[in-house]
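There are 2 protein chains.
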Amino acid sequence: MNENQIQFMREAIRLSVESVKNGGGPFGAIIVKNGEIIARGNNQVTLNHDPTAHAEVVAIREACQHLGHFQLEDCDLYTSCEPCPMCMGAIYWSRPNRVFFGNTKSDAAKIGFDDQFIYKELQTPFLERKIPMIQLLNGEAIEAFQLWDKKEDKVSY
Amino acid sequence: MNENQIQFMREAIRLSVESVKNGGGPFGAIIVKNGEIIARGNNQVTLNHDPTAHAEVVAIREACQHLGHFQLEDCDLYTSCEPCPMCMGAIYWSRPNRVFFGNTKSDAAKIGFDDQFIYKELQTPFLERKIPMIQLLNGEAIEAFQLWDKKEDKVSY
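In the order they appear, the protein sequences are chains A and B.
Just so you know, we're using our numbering here: the first sequence kicks off at 1 and counts up by one.
Just so you know, we're using our numbering here: the second sequence kicks off at 158 and counts up by one.
Hints may contain errors.
[As the list claims (entries may be wrong)] Below, computed lysine to aspartate or glutamate pairings styled on EDC-like, alpha-carbon distance capped at 20 angstroms:
#1 LYS262/B / ASP114/A
#2 LYS110/A / GLU175/B
#3 LYS110/A / ASP310/B
[Said to hold, decoys possible] Going by beta-carbon spacing under 8 angstroms, a handful of chain A positions derived as facing chain B:
#4 PHE145
#5 TRP148
#6 TYR157
Hints are computed from structural coordinates only; laboratory data are not their basis.
For each residue, glycine too, the CB sits at the ideal point set by N, CA and C.
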C-alpha cells in the first residue's frame with residue numbers, strides 16, 4: 001500500500017464516521033480516477049427511504065453521472081467495509097479496477113449487518129427461501145430476450 | 158398461480174418488451190401491494206449511465222419512495238427475469254414477501270448477461286479476482302462501527 005491509498009481509505013472512513021453522526025448507517029465509500037476523488041457516498045438507506053442506498057451504490061451512481069458513462073473505467077473504489085452481495089453485484093456491473101476495503105463482513109455481522117444470511121439464501125432452493133422465488137410465464141417472458149438478441153443497434157453493457 | 162398473478166407478470170413482461178423498443182435492456186419489473194401496482198421499473202443502465210439501474214432496483218427504489226419507507230412490507234415483486242446477484246441483494250435488503258420471475262438466469266446468459274461470472278468471482282479468494290479486493294486500515298475503519306454500536310437513537314435496517 002502507498003501513502004495515496006492510505007489517504008483515500010481515510011477519506012472513506014471519515015465519511016463512515018460522519019454518516020453515523022448524521023443519522024445514516026456506518027459506511028462510507030469514494031471512487032478515485034487518475035488520483036482524484038470523483039464521487040463520495042455514505043449509507044442513506046433510512047434517511048432517504050432507499051434500501052439500495054448503500055455507500056458503494058451511492059458512490060458508484062454519482063461517479064457514473066460524473067463520467068457520463070455506465071462503466072468505471074480505470075477507477076478504484078475505496079469502501080470503509082467489505083461490500084455486501086448487492087454492492088458486489090454493483091461493482092461487477094460497473095467494473096472498477098480494484099476495490100479497497102477496511103472492515104470485514106465479520107466485523108459488520110457483529111453489529112447486526114448479516115450479509116451471510118443473504119449468501120446462504122442464494123444457495124437455498126427457490127421455494128424454500130425466506131423470500132420464495134416463483135417462476136411464471138417463462139414462455140411469454142422470452143419475447144424481450146428474442147427482440148434484444150435480434151436488435152442491431154443495441155448498446156451492450 | 159392465479160389470474161391476478163398472471164396479469165401482474167404480463168405487465169412486467171410488457172415493460173421488458175417496451176424497454177428494448179426504447180433502447181433499454183430487456184428487463185421489466187413491478188411491485189404490487191394489496192392487489193395494486195405501486196411501482197414499475199425497466200432496465201435503464203445505458204440510457205441513464207447508471208450500472209445499478211436494473212429493472213428490479215428501479216422498481217424497488219420507486220416503491221420505497223411511494224411508501225416513504227425502506228422496507229417493502231406485504232409487497233410482491235414481479236420481474237421478467239430471475240434477478241442478478243445485485244438485485245437479489247436489493248431484494249433481501251428491502252424484504253418483499255415473494256418474488257415472481259419469468260425468464261431464468263440461464264436464458265439471460267444465452268443473450269450475453271452472465272450472472273454466473275459474478276457468482277464465481279464471489280467464491281474466488283480476494284486477490285485472485287478479476288477485480289482484486291485489498292484490505293487497508295481495518296484498525297481505523299472500526300471507529301464507525303463502534304459509534305454505531307453505542308448509538309442509542311439509531312434507526313436499524
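Could you work out which earlier hints the structure fails to respect and list their numbers in ascending sequence? Numbers 1, 2, in rising order.
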